[in-house]
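Visitor: Sequence:
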Amino acid sequence: MAQIVLDNVTKLFGHVAAVNEVNLKIHDGEFFALLGPSGCGKTTTLRMIAGLETPTTGSIFINQRDVTELPPRVRDVAMVFQDYALYPHMTLLDNIGYPLKVRGVGHGELRARVTEAARSLNIDHLLDRRPSQLSGGQQQRAAVARAIVHHAQVFLFDEPLSNLDAKLRVEARGFLKYLQHELGVTTIYVTHDQAEAMALADRIAIMDQGRVIQVGAPLEVYRRPQTVFVAGFLGSPPMNLLTGRIDLAKKQILINCVGLSFEGFPCWNDLVQQAGDGEGLILGVRPEHITLYPEQTDFAFPGDVYVTQPLGAESLVNLQVGDEAVSVRLFTDEPPRLSGRIWIRPDPERIFFYRSSGELIATASS
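1 is the number of the first residue of the sequence shown in my numbering; add one for each residue after it.
FYI, nobody ran anything at the bench for these hints, they're computed from the structure. We put the CB at the ideal spot given by N, CA and C, even for glycine. Some clues are possibly wrong.
[To be verified] Quick list of simulated restraints, FRET-style, between CB atoms:
id	residue 1	residue 2	range
1	LEU248	GLU295	23 to 31 Å
2	GLY322	LYS250	30 to 38 Å
3	PRO237	GLY280	20 to 28 Å
4	ALA166	SER120	20 to 28 Å
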């Protein structure tokens, strides 16, 4: 097990900053996720920790040892790649045992350790097969077994579930979380899938354009996103973000010319102190924190229903509010029969207010 520290790490490819001044502290035994869209720098960050890339500036520490310039073989890390990187001409036994073979481990010990790792992943009966004879889920487990067989102090996962179908991906998530908990090994997991990050990680770091935007426990980040980017990225469907402006004289937020009064709410003083009269704002509210009404009611604004999506235990309703789309999650197994104009009432205690530039100003419950 190990603590990992990234100290002001930057990686340039030519004039492009793939990773830009990243500072992270990953605790001993923690399951930590790097989450973000394609091209945000998360895989490059992982590869620098592994030693496959060298930072342009900054330092990387594993267990308080500076490993910035050290090759991968002396960092005591194990990595699982997105494509699993299994040798097609080798049996599963040889694939899993290859890290031990290159370290000079004897055949008897090698076979015993490979069998132990394979048994923990329920693939010990497949050791004489080659990768082409395995399913996607079995190949994924073989790659994990190869990572754990030499008892590394750090596991690095680069989107290891992206090649699996939906059912296998859910099963593999549970398996990986259980395995990491049992082994207690510091783990860094790269993914663009926010459901994976939320389900697996003790903490997540959300990245965009090479920078870390927010770090925290999954529910902490979900419940209080600090920027419009995080609010719009985390959640399925993501938070609704509606443009508006503040009217101090009327003590209202104007959304599509409809005024929502906030007099008496705790956040109003924060808005008055931090936002000027007429300043543009972004109002954020999660789909599950909206109620629909057939007629006008207090603290509601109109929208037009254009589609409903029954999903079994819940349904999604998609509406058009002026030029913007709004998603509403209804917790019902009866598909709603909605059409035409309807009134949208966000929970006043669950609203977020962001500046037009994207920074959080206040929440209605703060």
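Visitor: Could you check the structure against the hints above and give me the numbers of any it violates, in ascending order?
Guide: 2
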